[in-house]
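Residue numbers (our numbering), protein chains in the order written: chain A, 18 to 381; chain B, 18 to 381; chain C, 18 to 381; chain D, 18 to 381.
Source of the hints: derived by calculation from the structure; they are not laboratory data.
Incorrect hints may appear among the rest.
Covered stretches of chain A (in silico footprint by chain B; criterion: 3 or more residues with CB under 8 Å from a CB of chain B, positions within the stretch not fixed) [stated by the list, open to error]:
| # | region |
| --- | --- |
| 1 | 20-28 |
| 2 | 244-251 |
| 3 | 257-265 |
| 4 | 300-309 |
| 5 | 329-343 |
The C-beta atom is built at its ideal place from N, Cα and C for all residues, glycine as well.
Number of protein chains: 4
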Amino acid sequence: MASVFGRNIRVSVFGQSHAPAVGVVVDGLPAGFAPDMDKLRALMKRRRPGQNLLSTQRAEADLFEVLSGLADGRLCGAPLCMVIRNGDTRPGDYRELKTKPRPGHADYPAGVKYGGFQDTAGGGHFSGRLTAPLCLAGGIALQLLEAEGIRIGAHVRRIEGVEDEPFDPLAPQLDRLSEGYVRVLDERAGKEMEAAIDRARLDMDSVGGIVECAVTGLPVGMGGPMFEGVENVISSAVFGIPAIRGIEFGAGFAAAAMRGSLHNDPFAFRDGRVVTLSNNHGGVLGGLTTGMPLIFRVAVKPTASIFLEQRTVDLSEGTDSSLSLKGRHDPCIVPRAVPVVEAVTALAVYDLYLEHLKEKKIWS
Amino acid sequence: MASVFGRNIRVSVFGQSHAPAVGVVVDGLPAGFAPDMDKLRALMKRRRPGQNLLSTQRAEADLFEVLSGLADGRLCGAPLCMVIRNGDTRPGDYRELKTKPRPGHADYPAGVKYGGFQDTAGGGHFSGRLTAPLCLAGGIALQLLEAEGIRIGAHVRRIEGVEDEPFDPLAPQLDRLSEGYVRVLDERAGKEMEAAIDRARLDMDSVGGIVECAVTGLPVGMGGPMFEGVENVISSAVFGIPAIRGIEFGAGFAAAAMRGSLHNDPFAFRDGRVVTLSNNHGGVLGGLTTGMPLIFRVAVKPTASIFLEQRTVDLSEGTDSSLSLKGRHDPCIVPRAVPVVEAVTALAVYDLYLEHLKEKKIWS
Amino acid sequence: MASVFGRNIRVSVFGQSHAPAVGVVVDGLPAGFAPDMDKLRALMKRRRPGQNLLSTQRAEADLFEVLSGLADGRLCGAPLCMVIRNGDTRPGDYRELKTKPRPGHADYPAGVKYGGFQDTAGGGHFSGRLTAPLCLAGGIALQLLEAEGIRIGAHVRRIEGVEDEPFDPLAPQLDRLSEGYVRVLDERAGKEMEAAIDRARLDMDSVGGIVECAVTGLPVGMGGPMFEGVENVISSAVFGIPAIRGIEFGAGFAAAAMRGSLHNDPFAFRDGRVVTLSNNHGGVLGGLTTGMPLIFRVAVKPTASIFLEQRTVDLSEGTDSSLSLKGRHDPCIVPRAVPVVEAVTALAVYDLYLEHLKEKKIWS
Amino acid sequence: MASVFGRNIRVSVFGQSHAPAVGVVVDGLPAGFAPDMDKLRALMKRRRPGQNLLSTQRAEADLFEVLSGLADGRLCGAPLCMVIRNGDTRPGDYRELKTKPRPGHADYPAGVKYGGFQDTAGGGHFSGRLTAPLCLAGGIALQLLEAEGIRIGAHVRRIEGVEDEPFDPLAPQLDRLSEGYVRVLDERAGKEMEAAIDRARLDMDSVGGIVECAVTGLPVGMGGPMFEGVENVISSAVFGIPAIRGIEFGAGFAAAAMRGSLHNDPFAFRDGRVVTLSNNHGGVLGGLTTGMPLIFRVAVKPTASIFLEQRTVDLSEGTDSSLSLKGRHDPCIVPRAVPVVEAVTALAVYDLYLEHLKEKKIWS
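So that you can see chain A by itself, here it is in the shape it has in the complex (with noise of 0.2 Å):
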């Protein structure tokens, strides 16, 4: 059992690839609030599959049904039950899988977990296509934080080898995010991104990348000690997603590095207000945020299903055997990670932040 998420909030998804639906319930909303449903529809495209030649060739419209918690298009208190009927179904295509588990997919584990009876089309629950109803919890969400102020973006950072421009970690450019298939900072490596992963697709392989997440606006005190932490809370949304293999928070890995004479960011006070002059800890200290950019990165692996051929088992034959894959797959998922990783960040940032204001009138 794993996907239920949430404290204040508590988000429920469900559906499988090749199921008649994908959706999720959303607990926990606040009544009243009135939901942008355009802008929901636009983040549901930057996700969407079969935009490109780069990315998967499964045509959905990703259309969805409000099912519960609206009146009078509000949020009216109730759960809110989204739901996307899937469409373009071709559950044909996985046959094989159930005997001959692909390569860095969750095939094999949990054939053992289900005792053969998960639904392997298209990866079952286990699939991408799930990060559909996450998109449209934490487009919610994202919704409810810009009321307050919380802006939320990410961008690729970076793909093979090709990096994109940086988050200014005291003042992130979320302004200057471009608006294309792979969203970056810097356009020209946008388009090197398109052409390193075009290889990749035309090899019949796959490339990875990173992901860079900024959340500003946040207020000062926001999260807690030990395992209800600003870090705690959001990793354990973002993994989540499929293919995340790793997390850091402000200098992060790079911290490991450096001396406490550098890494340490010095307080100042900036128009009447307490800043920190640099931002290592990336927004984040002891577990609470400190007022200043909150900023982390995630590694996306590359996408597992790739059209080489590779080595595996039969597990009907008890013997070594090779796959060579059909269906449809990205030769890199890390662009349409981007939106899922925003919603996700979401997700957990408004969780927190309910549970800061609830402090805060309590202890107020």
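Following the hints, position chains B, C and D against chain A.
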């Protein structure tokens, strides 16, 4: 609120650096198990302060008392409560910090969060001292896992520029881990790390590093999709250790630069068992264990408490100011973090393992 | 926030009386189990409105669709989502209620809670209609428990002054439960109850009653001390059914007037098994099952919606006022509450049973 | 596992009757509040054993120590841990119980559950002694609620056949509650109850009773639909008190015999505020508070430990047997249960109140 962990076990940590005690309550442990208290004391000793010049000079025997949960030396099914009295407290050392927050510490956001009522002495509940009860609870979990054939070991993978031999991802060398202050595979690297720490100490500065952790003997299919996968649960626990700023599983951030054909680990039969021939996936696919060793690394920042003068603010005056720390501090927390990473990982893995047992019991 | 239940399974209920749909997501169900959909439909039919003159005239076929969680007709380990489209909706019937709260209903406190943004049509998320998805989820749990030899049955113990034959606490007569609209042991009592309901209907009034529930086949030692005992878990689930105002286990409130020498149930061996010779404890001691039948009763209040004119306030005018209800309402909800009590009890018992299996697996 | 309560606060209870200590950790309390320790000691005194011949002769001073969570006498935001050392322990009294389970006690199912490894001395973790830490935690909650204008008071409503004056459901007489051993509104009834207890004591028997509890000053709209309504949360807490066998809100089981026209409480304006003119709903509609007094009653069974010889089994011999208890036991637990009901109710209400504050903060 934040100091509670777990779904199948529930760990509740309490205490402040200079309160009467620190301690932990663990609910959900199996009745009948007889913890080896000598072994637990040996683990505590590895974390203990005041071991040598390289660690804080605070002298704490770290003797613990079991208040409940045992009957005739065995776990009796009731919550296990263990406490450590704080001995060598010097609250006077910390008076200045209420108005002059230490760079790199939680002082400032905690002051805002708790409205100035937080316990500032020694960092209060945010202190590294809280890793002592984490080790107590985790030490029990380590023993419970060992009884199931699951072993956890960690080593210092890097301090400043010095690298230890990495774990073999197919067969981590847990039996070769050194017994010295800096736990390593290559004892020469350990000596160089000690020298690096000592240089930082003499410079009144600090250094960070990387800890690598391996878990062997795990069953296949432990964990789950989405939010309660292995990475989610381990990261939400491990970020409970102060000073951790990043975590990566398997190839981790390096995966971002790899192609799928290289990163995907081929399946094969060996001795009638399904294995992978490489282990870039670090033992986890789709949030589920594959039966291969679980490997992850965490980034530890340089100790925030350094003796060099630092820039900060004076909150009572509303002006920029500076600060020279007193007190007793580790020039490098990394060596003492190793047993803590093992212990906290054990809590997370044991929680996942109980979930797994439940599922196996039902689903077969 | 409130519509999420369970620790080992997680049930998330959504929907409003006049929203597009009501439904439920259940996470944590065992892969491989093939639910009997005819049986589930039969349970739904027992709860269905519009059955006769004694229940609401709202005509709902209560056909459900499974959106996810099945593969080839079996549970596949992914969350199970089931939805029921709302058909015969007449939101116009409810316009007046936004300003004139119905006595005995949640209208007034919900209006304050949600700032006037709640869905008032048909009571919104507070409607008895939400018991339909509870029955769907609980119906699956009933089948899972039955496969383990655990049976749950309830009957109408009392309506107004009419009493049914009570359950034999040592051997509840589950096989003798009648199939009619009012589920009873003594069919004559059932007929008298129907007459009592009809009298209330003709008086434009309503009546309440008592439902008695029994669970047989439980293992010994299921549950726990303090907050997750059998009574805690069952009561926290059962109070999720609208109109329940009390619950008592075993001798219940009558125990308050008994002496210990009478109330204590003596232990004895029968056929090599430990039993109690009476069952005032209702199958639970110290929060743990004893292996004897679990027996409890719940008090159901008279339906709040009556057609007699009632005194209320006009919130927009700030004056006292009166109200004559339109719409379609049950003169007595008790008969239709019986399958709901069975279903919700099944959710609670199944959650406890999974915890028990986990403990047995570990502790032996 | 079971000894953890709460969603907004988290209460973790530990200890056994004859372990070194019993205690509690509470996470999530507001920083800055200064608990009145004299008041807390006064509450503890009301629960304390050994007060007179009517209660157990175990002499426990019930002095508690605060191990963490305070700084300068105020809550500091860190988890509050309070412990009570067990003093007058006589484990020898309980040796026989491992093989001869006491009727009405958890001995038998606990032995099965924990495989014989449970702590049998004095009932171990199932002992009424665990209500001491519940009172400590709840005593803090009572003070926090009082500071918000919310008051909780309980009285013995009935012991054997003797009835106290009931609470006026529109205006509970909290200021008239007596200070004696048996807390009542009508002191003559209290004296008669004492006489009834004494008769049971002389008969080497025990009696049960009913405790009635009222909460005033609650806001409107606290709670939620379905599983986290006021009744769900309070009942899941209150059944954590050993010996409670039933709970009813407002008219409770009597509602089952009422017609809707009588049971429905009419709304009216009084002094510009919406009130109900009667209070059969006991202050809760649809799981939400209405602003009227919250009223509920709990059934307390007769103490299971009686000195009359009782029939039981000998588990080691596999035969029927008998048992004459030694040890020190209350002939009636009801008077000492009153402060425990108040304390546990305070934990539940405070948890609900925090949720309410969070919602108000967000939703307005």
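To see whether the hints hold, each was checked on the structure:
{"no.": "1", "hint": "20-28", "result": "holds (count 3)"}
{"no.": "2", "hint": "244-251", "result": "holds (count 6)"}
{"no.": "3", "hint": "257-265", "result": "holds (count 7)"}
{"no.": "4", "hint": "300-309", "result": "holds (count 7)"}
{"no.": "5", "hint": "329-343", "result": "holds (count 6)"}
In terms of the numbered hints stated before, the structure departs from none.
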